Amino acid sequence: MSRQRGRRKAPIAIVIWAALAITFFSLPFIGILVRAPWSDLPDVVTDEAVRRALWLSLRTSLIASLFAGVLGVPLAWVLARIDFPGRRVVRAVATLSMVLPPVVGGVALFTSFGRRGIFGQYLDDWFGIRLPFSTAGVIVAQTFVAMPFLVLAVESAFRQLDLRYEEAAATLGARPFFVFRRVTLPSVRPALVAGFVLAWARALGEFGATITFAGNLPGRTQTMPLATYLALESQPERALLLSLVMIGISFAVLLGLRERWLTTALPEVRA
Amino acid sequence: MTLATRFTLRRGAFESTIDLEVGDDEVVAILGPNGAGKSTLIRVIAGLEAVDTGVVRIDDHVLDDPASSVFVDAAERGVGVVFQDHLLFDHLSVEDNVAFGLRARGVGRRESRERIGDVLRRFDLLDLATRAPRTLSGGQSQRVALARALVTSPQVLLLDEPLAALDVSTRREVRRELRHHLAEYGGSTILVTHDPLDAYTLADRIVVLENGTITQMGRIDEITTRPRTRYVAELVGNNLVIGSARGTTITSDAGVELSVADSWNGPVLATIRPQAVTVSRTPDALTSSRNSWPMRITGFESSGERVRVHLAGPLDLVAEITARAVEALGLQIGDTVSASVKATEIEVYER
Numbered sequence: 003m004s005r006q007r008g009r010r011k012a013p014i015a016i017v018i019w020a021a022l023a024i025t026f027f028s029l030p031f032i033g034i035l036v037r038a039p040w041s042d043l044p045d046v047v048t049d050e051a052v053r054r055a056l057w058l059s060l061r062t063s064l065i066a067s068l069f070a071g072v073l074g075v076p077l078a079w080v081l082a083r084i085d086f087p088g089r090r091v092v093r094a095v096a097t098l099s100m101v102l103p104p105v106v107g108g109v110a111l112f113t114s115f116g117r118r119g120i121f122g123q124y125l126d127d128w129f130g131i132r133l134p135f136s137t138a139g140v141i142v143a144q145t146f147v148a149m150p151f152l153v154l155a156v157e158s159a160f161r162q163l164d165l166r167y168e169e170a171a172a173t174l175g176a177r178p179f180f181v182f183r184r185v186t187l188p189s190v191r192p193a194l195v196a197g198f199v200l201a202w203a204r205a206l207g208e209f210g211a212t213i214t215f216a217g218n219l220p221g222r223t224q225t226m227p228l229a230t231y232l233a234l235e236s237q238p239e240r241a242l243l244l245s246l247v248m249i250g251i252s253f254a255v256l257l258g259l260r261e262r263w264l265t266t267a268l269p270e271v272r273a
Numbered sequence: 062m063t064l065a066t067r068f069t070l071r072r073g074a075f076e077s078t079i080d081l082e083v084g085d086d087e088v089v090a091i092l093g094p095n096g097a098g099k100s101t102l103i104r105v106i107a108g109l110e111a112v113d114t115g116v117v118r119i120d121d122h123v124l125d126d127p128a129s130s131v132f133v134d135a136a137e138r139g140v141g142v143v144f145q146d147h148l149l150f151d152h153l154s155v156e157d158n159v160a161f162g163l164r165a166r167g168v169g170r171r172e173s174r175e176r177i178g179d180v181l182r183r184f185d186l187l188d189l190a191t192r193a194p195r196t197l198s199g200g201q202s203q204r205v206a207l208a209r210a211l212v213t214s215p216q217v218l219l220l221d222e223p224l225a226a227l228d229v230s231t232r233r234e235v236r237r238e239l240r241h242h243l244a245e246y247g248g249s250t251i252l253v254t255h256d257p258l259d260a261y262t263l264a265d266r267i268v269v270l271e272n273g274t275i276t277q278m279g280r281i282d283e284i285t286t287r288p289r290t291r292y293v294a295e296l297v298g299n300n301l302v303i304g305s306a307r308g309t310t311i312t313s314d315a316g317v318e319l320s321v322a323d324s325w326n327g328p329v330l331a332t333i334r335p336q337a338v339t340v341s342r343t344p345d346a347l348t349s350s351r352n353s354w355p356m357r358i359t360g361f362e363s364s365g366e367r368v369r370v371h372l373a374g375p376l377d378l379v380a381e382i383t384a385r386a387v388e389a390l391g392l393q394i395g396d397t398v399s400a401s402v403k404a405t406e407i408e409v410y411e412r
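So the protein sequences, as listed, match chains A and B.
Okay, so the first sequence: first residue is 3 according to my numbering, each after it adds one.
Okay, so the second sequence: first residue is 62 according to my numbering, each after it adds one.
Calculated from the structure, these hints are not laboratory results.
Among these hints, one or two may not hold up.
Said to hold, decoys possible - From chain A, some residues computed to sit far from chain B (all C-beta separations above 12 Å): (1) Arg61; (2) Arg89; (3) Leu165; (4) Tyr167; (5) Glu169; (6) Thr173.
To be verified - Partial list, computed: chain A residues near chain B (C-beta under 10 Å): (7) Arg9; (8) Asp49; (9) Ala51; (10) Val52; (11) Leu56; (12) Ala82; (13) Arg166; (14) Ala170; (15) Ala171; (16) Ala172; (17) Pro178.
Remember, it's a predicted structure, so these values are computed and weren't measured experimentally.
For every residue, glycine included, the Cβ atom is placed at its ideal position computed from N, Cα and C.
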């Protein structure tokens, strides 16, 4: 025990409590691992329908989190830096879809962007774009629910930046957009990565808004969560294996991420 | 080329009124206590703060003039700044930090790499080119900050407490380097500091800033021999008496009379060098000194063999005597002593 001499001792009660929490997290996965018909795994994984659902899920969730970044970073910057009347309302709107039941988000999307929706009909008439029951609709639904996670992570990082670095860049001849691109954005990279991962995770797990807005068409809009849920009704064994695939992918991603990207979502505040 | 600033700026309760010109190839040190408005002056010239009234210009090129709605953005001013904590970009290597100003002006990556080669060599940064700023020592990071500010050849260079972030042991070395680089640089330089030593070694001229206004301006010898405020006198280690003269008698603001050698009339300032103040245990009537007061010792400050004795009485004085004298007289804080100054040792000048 000499190694611990002088170290602050961890309060034992907190450690026990933490162990309880991790047990709570682990038990459901243990349930799946025990019950899964492992011998059928190769068949399921090579199954054409499963591969299509998996591929669709990965593709749409990545594109959705890219959209969340492209749209969310400027939004986060405006919320963090520009003081305008109604900023609180704008922030509430921007994060509403995070709090709403996803089904409600799906209904909202359908009412607005559906083929008879108040905006959707013009999309169809003028541009020939039909979002419902299309892969694009899946991406829209996922972006809608995932973007708040990125916005919140990045906004708080923008807020904590030391503005003097941007001033230093300005005195070196950098115009505002150059400053943003070369100084501000790189400084919030950890938060950006964390926000992107959170958004991606949310998009990958999206169910309610997707099935409401985009339906359940195999190969077009049937993502892994949808396929899993539907399998549960007819082939529960298959649902277990599909879940297993999702768990494997998510776990691998989380393990592969450098820890600091998740734990230092906020950059160190420089004095 | 001349940098001219004449402005008033208000920020809440703080108000600053400045009238200052800096010539070509001149280094002006801005000396002043904390909160005097030194950094505000830097920020005004750099374009990070707008003035309320007045003009900031380089020659005929107006940078800020609210009367004619002119405000040139920091990015367009061509004013180089070295900030207090250097503010190097942590996500960029040393060479990319130095090249930043060129890249910001649209110079391509390859061309800017080539163009900074000479700068990196001059600032002895070639070996550090690929290092991350957080791995540098204070002196190294100061060199990078200076090189970064000078790479685009600004007409004006502003240094905000460039040595404050350094520890005492490296400060002298870095100050020497800085002196060398400033001598090479041909533009106008403003150096903000609260350390008189920086001002003495680096600047041609000293401007003293107190409470947002310039209280004294001049060459180093003028500042040291003819301080105009108590802050300056304290800074240069001199005793200052503010009063008015009639004939060979000066009456200080506090009502103390001093005999001086030469005849003066009207408001005057007078300095008494600490070395000229004699400290004795008993008031001695038989001395050639015309000025003698009972004083209480309030503190000692020793530097080597000499001790500066702080005295409080009719007027506050600092006397500089030898450590042996302190010992021989057995001086201690709280003791009452007699302090005397010969009339010929009092330097009088116009207020």
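A quick look at each hint next to the structure:
{"no.": "1", "hint": "Arg61", "in the structure": "holds, 31 Å"}
{"no.": "2", "hint": "Arg89", "in the structure": "holds, 24 Å"}
{"no.": "3", "hint": "Leu165", "in the structure": "violated, 10 Å"}
{"no.": "4", "hint": "Tyr167", "in the structure": "violated, 6 Å"}
{"no.": "5", "hint": "Glu169", "in the structure": "violated, 5 Å"}
{"no.": "6", "hint": "Thr173", "in the structure": "violated, 4 Å"}
{"no.": "7", "hint": "Arg9", "in the structure": "violated, 27 Å"}
{"no.": "8", "hint": "Asp49", "in the structure": "violated, 45 Å"}
{"no.": "9", "hint": "Ala51", "in the structure": "violated, 45 Å"}
{"no.": "10", "hint": "Val52", "in the structure": "violated, 42 Å"}
{"no.": "11", "hint": "Leu56", "in the structure": "violated, 36 Å"}
{"no.": "12", "hint": "Ala82", "in the structure": "violated, 19 Å"}
{"no.": "13", "hint": "Arg166", "in the structure": "holds, 6 Å"}
{"no.": "14", "hint": "Ala170", "in the structure": "holds, 4 Å"}
{"no.": "15", "hint": "Ala171", "in the structure": "holds, 7 Å"}
{"no.": "16", "hint": "Ala172", "in the structure": "holds, 4 Å"}
{"no.": "17", "hint": "Pro178", "in the structure": "holds, 8 Å"}
Hint violations for this structure: numbers 3, 4, 5, 6, 7, 8, 9, 10, 11, 12, all remaining hints satisfied.
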